Amino acid sequence: MEVPILKQGGFLIATIQAALTDADLLKLHYALVEQVGKHRSKGVIIDVTALDVMDSFATRTLRSLAHMVRLRGAETVICGIQPEVAFTMVQLGLTLEGISTALDLEEGLALLTQSSSKREV
Amino acid sequence: MAKKTLHHFDGSTSIDTSTDESRSELLRQLVAHLRDNRTQLRQEWARRITEAKLLTAMSQDEIFAEATTIYDNYVDALQSGTFEALQTYARDLSERIIPRGVETHEVIGIVLLLRDVLARSLFAKYQHDFALLNRILDAYEPAANRIANTVAVSFVQERERTIRQQQEAIRELSTPVLQVRDRLLILPIIGVIDPQRARQLTEQLLRGIRTNRAKLVVIDITGVAAMDSNVANHLVQTVEASRLLGASVIVTGLSPEIAQTLVTIGVDLSKMNTVGDLQGGIEEAERLLGYKVVPVGEATIEPPRR
Numbered sequence: 001m002e003v004p005i006l007k008q009g010g011f012l013i014a015t016i017q018a019a020l021t022d023a024d025l026l027k028l029h030y031a032l033v034e035q036v037g038k039h040r041s042k043g044v045i046i047d048v049t050a051l052d053v054m055d056s057f058a059t060r061t062l063r064s065l066a067h068m069v070r071l072r073g074a075e076t077v078i079c080g081i082q083p084e085v086a087f088t089m090v091q092l093g094l095t096l097e098g099i100s101t102a103l104d105l106e107e108g109l110a111l112l113t114q115s116s117s118k119r120e121v
Numbered sequence: 001m002a003k004k005t006l007h008h009f010d011g012s013t014s015i016d017t018s019t020d021e022s023r024s025e026l027l028r029q030l031v032a033h034l035r036d037n038r039t040q041l042r043q044e045w046a047r048r049i050t051e052a053k054l055l056t057a058m059s060q061d062e063i064f065a066e067a068t069t070i071y072d073n074y075v076d077a078l079q080s081g082t083f084e085a086l087q088t089y090a091r092d093l094s095e096r097i098i099p100r101g102v103e104t105h106e107v108i109g110i111v112l113l114l115r116d117v118l119a120r121s122l123f124a125k126y127q128h129d130f131a132l133l134n135r136i137l138d139a140y141e142p143a144a145n146r147i148a149n150t151v152a153v154s155f156v157q158e159r160e161r162t163i164r165q166q167q168e169a170i171r172e173l174s175t176p177v178l179q180v181r182d183r184l185l186i187l188p189i190i191g192v193i194d195p196q197r198a199r200q201l202t203e204q205l206l207r208g209i210r211t212n213r214a215k216l217v218v219i220d221i222t223g224v225a226a227m228d229s230n231v232a233n234h235l236v237q238t239v240e241a242s243r244l245l246g247a248s249v250i251v252t253g254l255s256p257e258i259a260q261t262l263v264t265i266g267v268d269l270s271k272m273n274t275v276g277d278l279q280g281g282i283e284e285a286e287r288l289l290g291y292k293v294v295p296v297g298e299a300t301i302e303p304p305r306r
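Keeping their order, the protein sequence lines are chains A and B.
Heads up: the first sequence is residues 1 to 121, going by our numbering.
Heads up: the second sequence is residues 1 to 306, going by our numbering.
These are computed hints drawn from the structure, not numbers from a lab.
For clarity, every value in this text was computed on a predicted model and none was experimentally measured.
There could be a bad hint or two in this list.
Unchecked claim - Cross-link-like lysine-lysine pairs, in silico, DSS-like; alpha carbons within 27 Å at most:
hint: 1; chain 1: A; residue 1: K38; chain 2: A; residue 2: K118
hint: 2; chain 1: B; residue 1: K271; chain 2: B; residue 2: K292
hint: 3; chain 1: A; residue 1: K118; chain 2: B; residue 2: K125
hint: 4; chain 1: A; residue 1: K118; chain 2: B; residue 2: K292
Chain A on its own, in the form it takes in the complex (with noise of 0.2 Å):
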């Protein structure tokens, strides 16, 4: 399933609405580190809400999607990890380690908002 990515002002939105294969999730990591660099966002917002898996895999494609959003100038933020993922995620010792996290789009959003206005200044 093609994961869309939406554009939001500065922003890029990725909203993950079923269980991926190791495939899409990497074509995803692709799309976009490439869409940063053409729409010149400043922040990336990968929605994980819907996915009540989360294996070392997808975490690894994460961080490593993360690390170099970050070199291409932008910032990372997951949101929506469920509860029962996040206990998950922490027993099998996969943690998302200098990747920003919110609860809900919202707040990502809002962090992304916070620490851009903060980089401007």
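Keeping the supplied structure of chain A fixed, place chain B upon it in accordance with the hints.
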């Protein structure tokens, strides 16, 4: 007849179908005997209960009243061969007597006493006809065993249910997640943290974060007596999981001893934001959330009137 009796003495308990009819006839006879001697046997049983110092939590009258009901239920179960009514009654009874501190051995004791009292009365009645006594006992024993079993199991089940309920209640009580300000939760932890509790604690906190849309959580561990590497790791996991939901955590109330232990065993708490006490933690959280608490004038609290 003699052959059948011998057969029984071999230790075999198998009953061929031809005896089914006589069995039910014997059971009927038995039930009639128990009904006829109801008053006397009940009294005897109540006397034996008192003598054996069972059910000390109950008064004489209560024991006699319960004994009567149990006796009637017992005979009914013997007669009908169905145990549902008895089971329901046993559950009921257990529910009533468990809060008064009646122990498992007492319940099993009184049922076995009743069994003994009834068996003795059967011995007394049929002592002249040994073969008949044997057959009566053949009919009586399995049913009596099942009754004893049913009552004991019902009691234990009821007791376990009570214990489970209480455990659940204690667990719920022991980990309150409280909102002190908009988007600020506190989680005071008191007592021992074992893996199960840590798990439940984390689940409750994560649920709280989501329902209250919290951005900050203050975990107060003043009430945690001891901490080892396991507990510390649980705490780190809780903090990590909260972060994945977008909430930061401040840990407060680490006692000097705990701080020393943690440093000695080398637990990495660098990911955790720690503040000395709960007050400091809440102040820090308010600062991070952009609150500022200023006194608006003189304190207006008056001493409470008597």
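Evaluation of the provided hints:
1. Taking the CA atoms of K38/A and K118/A, the gap is about 23 Å. The hint holds against a cut of 27 Å.
2. At most 27 Å may separate the alpha-carbon atoms for a hinted pair to count; K271/B and K292/B meet this at roughly 26 Å.
3. At most 27 Å may separate the alpha-carbon atoms for a hinted pair to count; K118/A and K125/B exceed this at roughly 99 Å.
4. Pair hint K118/A plus K292/B holds up; C-alpha atoms about 21 Å apart against a cutoff of 27 Å.
The structure fails to meet hint 3 from the earlier list, while all remaining hints are met.
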